[in-house]
Amino acid sequence: MLWVDKYRPKTLDQVIVHQDIAQNLKKLVPPPIYSFLLLSAFAFLWALWFWQKTLIMALLRQIFGTSAEKVKVENRTWKIDAGSRTIDLELTTLSSTNHVELSPSDVGFQDRYIVQEIIKEMAKNRLIDTKGRKGYKVLVLNEVDKLSREAQHSLRRTMEKYSTSCRLILCCNSSSKVTEAIRSRCLNVRINAPKEEQIVKVLEFIGKKEGLQLPPGFAARVADKSNRSLRRAILSLETCRVQQYPFTSNQAIPPMDWEEYVSEISADIMREQSPKRLFQVRGKLYELLINCIPPEIVLKRLLSELLKKLDEELKHEVCHWAAYYEHRMRLGQKAIFHLEAFVAKFMSIYKGFLIATFG
Amino acid sequence: MAPLLQSSQPWVEKYRPKQVKDVAHQDEVVRVLTNTIETANCPHMLFYGPPGTGKTTTALAIAHQLYGPELYKSRVLELNASDDRGINVVRTKIKDFAAVAVGSGQRQGAYPCPPYKIIILDEADSMTEDAQNALRRTMETYSKVTRFFFICNYISRIIEPLASRCAKFRFKPLSEEIMSSRILHICNEEGLTLDAEALSTLSSISQGDLRRAITYLQGAARLFGSSISSKDLISVSGAIPLEVTEALYAACKSGDFDLANKEVNNVIAEGYPVSQMLAQLFEVVVEADDILDEQKARICKSLASADKCLIDGADEYLQLLDVSSNTMRALCNMPQEFSYDS
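Top line first, the protein sequences correspond to chains A and B. So for the first sequence, UniProt numbering puts the first residue at 1; every next one is plus one. So for the second sequence, UniProt numbering puts the first residue at 1; every next one is plus one.
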C-alpha cells in the first residue's frame, strides 16, 4: 500500500494539516439524537489538492458512521426524454447507502440534463432508516467549476427545494468559476494548500510511524520541492526511500519526469530561435501532450522556467503573452497550436531583445 | 410529510416573508402590489433586480395571497431554470397550462381568487431567445385567463417584445439600515449576539444581498456558536482578508517582478478566488490617492480584460500574474508598450 493511502486520515480527529477546518466541520455534524435533518445547507468551495476528498470522506464518516466507507462504484446509464429525442448519458457514480458522489461535468455540454433530471430524482427519494425516521442523503458533486452556466443555473432552485432531504457538497478548484447565485447559497470553506512547515510535520509523522531515520533538513527539502502539494511530498519521500536508505542529508530528490522535460524545452528555445528549432520543440510538446500532461500545466511550467532566466524587462512581456495564449487555448480546440504560438512569440521577442542588446 | 424540526430549515426559507407587505425596502413595488391584491386585478409583471432583493419572495407571496393554499396548486405554475424550458416546453407545457379556462371569480374566505391563472417564470434571463419569442403570442392569446410573472436579474436579457408587454418592477439593493434591522430581528429570534462591528461587516460583504447575509450568518452560527465576530463572518463568506490584497499591491508598487510573482503564487496556493481578488484589488486601486488618474485607468483596463478572460475559463494564476505585471508597469511608470513585439 502506498504511504499516501496508508496515512490518509480516516476521521476528522486524525487530520494533521487543517486541524482548524476539521474542527469546524465537526461542529456541522449534529449530535446523534438529532441525527436527521439538522445540517444547514452547506457546501465546500475550496482549492483542491487530494486533501479535499480526504476531508469529505472523513466528514461523511463523522455523519453516518462506518457505513459511509462501504462504497460501490457503478457505471450507470440514464435515458433522458428531451422533447423529440432521447439522450443516453453514462456516468460513473460512487455511492454508499447515504451518499452519492458524481462528476456531472464528465458528460460535457449535456451536464445540464444530469443536474436537471438525475440530481432532482436522487434528491426526491428519501431514505428511511430502521427506526422509521426520515434520513437525508448527501450528494457530492465534483468539479462544479467545470459545469456549464446552464447547469449551474439549474442547480440554484434544486438546492433550495430539496434542502430538507438532501444536502449537497460541492467541490471545486476555484470558486471564481462558480456563479454568485450558487456561492451565496453555500457555506464556503476554503482549504489552502498546506504550508511547508505543515508538510514537514506530516513527513516527520510518517517517518516516525515507519521507523525511518530522517536526517535533519531532509524533510524540509522534500517539502520545498513539493510545490506545497502534500501528496507529492509523501510520494517523493517514498521514492527516496526506495532509491536509497538510510537517507543522507544531501540525497538528490528526483524531480518529476515531465518537469525535467519542460525545462529541457525552455533551455532549447533560449539557445536558438529559428524555425528549425521550433519544429524540434513541436515534437517535444506533442510528446508531453500524448502523455496526458494538461496543456495549461505545460504552459505554466514553461513560463516559470523561462522567467527564471530572463531579464527583468522581458518578464512582463512574456507573462502577458503566456496569459494571452492560455486564454486562447481555453477558447480554442487544439492546444498544440497555442502552445506553439507561445513558443514562436517568445522566440521572436527574445531574438528582438538579443539583436537590440548585442547588435 | 412529517413536521420538520425547526432548526433543520435554512434560515433563508424560514424567514422568507409570507406576505407582500412584509417585503423589506421595496416600497413602490409593495404599494402597487398591495393595491393589486385588493382589486384582484393584475397585469403581466416583470421583476428585475440584483440577487437577494426579494423578487421570488414577492412573486410567491402574491400568488399565495391571491389564491390561498387550496387553489394554489391548480392555479399557479412555477417554472425555474431547474426545469427544462426549451422551446418545446414553451410550446407544450406552458401553452397547455395557459389555455385551460378557470371558473369565474368566487371569493373564497380571505382570498380573492381572481378568474385567471398565474405562470411564474423564475430566472427568466436564462431562457433562450427562441423560447422567449415563442411566448409572445401565447401571452396575448391567453391573456384573459393567464398572467405571466417574469423574474430576472438582468432586464437586458429579456427580449424587448416581452418586456413591453409587462409592467416592470425594479428591485433595489437593500440599504444598510434595512439589512441591519432584518439581521437583528433574526438574531433575536435565534438567540445570537452580534456586535456593531460584525453587523457592519456583514452588511458590507453581502453588498445589499439579504439572502447572502442570512446564509453567512447561519454558516457562522453553526461553526462558531452564538456569539459571532466580524472575523468569523469574513472567513465564512470567502472574502479575502485586506492584508493579502495590500501585500499584492505593495509588491506591485515595489517594481520587483519576482516579488510580485511570489505573492501571486501565494494567493493561488492559499486558494483565494481570483475573481474576488480582482474585485478587491480594484477597490484598493480606485481608493488610492497617491497615483495619477491615468495610472488608475491603465490598471482598471487590465483588470477588466482579466475578468473577461476568467469568465472564459482562463487560468487564474496566469491572469493574476498578467494583472500584477500591468499594475506594476503602471505604478512604476514603466513603458506600457512592449519594445520587442514585432
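These are calculated hints, taken from the structure and not from any lab test. Note that beta-carbon positions come from the ideal geometry of N, C-alpha and C, so glycine has one too. Do not rely on the hints blindly, as some may be mistaken.
[To be verified] Distance windows between CB atoms, simulated:
#: 1; chain 1: A; residue 1: Q19; chain 2: B; residue 2: D130; range: 49 to 55 Å
#: 2; chain 1: B; residue 1: Q336; chain 2: A; residue 2: L278; range: 40 to 46 Å
#: 3; chain 1: A; residue 1: E204; chain 2: B; residue 2: D258; range: 51 to 57 Å
#: 4; chain 1: A; residue 1: D88; chain 2: B; residue 2: A279; range: 38 to 44 Å
#: 5; chain 1: A; residue 1: Q19; chain 2: B; residue 2: E70; range: 40 to 46 Å
#: 6; chain 1: B; residue 1: E294; chain 2: A; residue 2: K6; range: 20 to 26 Å
#: 7; chain 1: A; residue 1: A252; chain 2: B; residue 2: T128; range: 57 to 63 Å
[To be verified] With a straight-line cut-off of 27 Å between C-alpha atoms, the simulated DSS-like cross-links for lysine-lysine are:
#: 8; chain 1: A; residue 1: K6; chain 2: A; residue 2: K308
#: 9; chain 1: A; residue 1: K26; chain 2: B; residue 2: K262
#: 10; chain 1: B; residue 1: K262; chain 2: A; residue 2: K308
[To be verified] Residues on chain B that point at chain A, a partial pick, calculated with CB under 8 Å:
#: 11; residue: G52
#: 12; residue: Y72
#: 13; residue: N80
#: 14; residue: P112
#: 15; residue: C113
#: 16; residue: Y116
#: 17; residue: S180
#: 18; residue: D209
#: 19; residue: L223
#: 20; residue: E246
#: 21; residue: A250
#: 22; residue: K253
#: 23; residue: D290
#: 24; residue: L310
How the hints compare with the structure:
1. For Q19 of chain A and D130 of chain B, the hinted distance range of 49 to 55 Å is satisfied, since their beta carbons lie about 53 Å from each other.
2. Between Q336 of chain B and L278 of chain A the Cβ separation comes to about 29 Å, which falls outside the hinted range of 40 to 46 Å.
3. At about 30 Å, the beta-carbon gap between E204 of chain A and D258 of chain B misses the expected band of 51 to 57 Å.
4. Distance hint for D88 of chain A and A279 of chain B: a CB-CB separation of about 42 Å, consistent with the stated range 38 to 44 Å.
5. At roughly 54 Å, the beta carbons of Q19 of chain A and E70 of chain B sit outside the given window of 40 to 46 Å.
6. Judged by the Cβ atoms, the range 20 to 26 Å given for E294 of chain B and K6 of chain A is violated: they are separated by roughly 59 Å.
7. Between A252 of chain A and T128 of chain B the beta carbons are some 58 Å apart, a value that agrees with the proposed interval 57 to 63 Å.
8. Distance check on the hinted pair: K6 of chain A and K308 of chain A sit about 37 Å apart at the alpha-carbon level, beyond 27 Å; violated.
9. Restraint check: the Cα-Cα separation between K26 of chain A and K262 of chain B comes to about 34 Å, which exceeds 27 Å; the hinted pair is violated.
10. For the given pair, K262 of chain B sits about 12 Å from K308 of chain A by alpha-carbon distance, which is consistent with the 27 Å threshold.
11. At a threshold of 8 Å, the smallest CB-CB gap from G52 of chain B to chain A is about 7 Å, leaving the interface hint in force.
12. The criterion of a C-beta within 8 Å of any C-beta in chain A is not met by Y72 of chain B, whose closest approach is roughly 16 Å, and the hint is violated.
13. Taking 8 Å as the C-beta contact cut-off toward chain A, the hint placing N80 of chain B at the interface holds, the least distance being around 4 Å.
14. For P112 of chain B, the suggested interface contact is broken, since its CB lies about 27 Å from the closest CB of chain A, more than 8 Å.
15. Violation of the interface hint for C113 of chain B is found here, the shortest Cβ-Cβ separation to chain A being roughly 26 Å, above the 8 Å cut-off.
16. Taking 8 Å as the C-beta cut-off, the interface hint given for Y116 of chain B is violated, the closest approach to chain A being about 24 Å.
17. Checking S180 of chain B against chain A by beta carbon gives a least distance of about 18 Å; that is not within 8 Å, so the hint is violated.
18. Hint status for D209 of chain B relative to chain A: holds, with the closest Cβ pair at about 6 Å, below 8 Å.
19. Given the 8 Å rule on beta carbons, the hint for L223 of chain B holds: about 5 Å separates it from the nearest Cβ of chain A.
20. Because the smallest distance between the Cβ of E246 of chain B and any Cβ of chain A comes to about 18 Å, over 8 Å, the interface hint for this residue is violated.
21. A least Cβ separation of about 18 Å between A250 of chain B and chain A goes past the 8 Å threshold, and the interface hint is therefore violated.
22. A hinted interface residue such as K253 of chain B counts as satisfied when its beta carbon comes closer than 8 Å to some beta carbon of chain A; here the least separation is about 15 Å, so the hint is violated.
23. The criterion of a C-beta within 8 Å of any C-beta in chain A is not met by D290 of chain B, whose closest approach is roughly 22 Å, and the hint is violated.
24. Below 8 Å, beta-carbon pairs count as interface contacts, and L310 of chain B has one with chain A at about 6 Å; its hint therefore holds.
In terms of the numbered hints stated before, the structure departs from hints 2, 3, 5, 6, 8, 9, 12, 14, 15, 16, 17, 20, 21, 22, 23, listed from lowest to highest.
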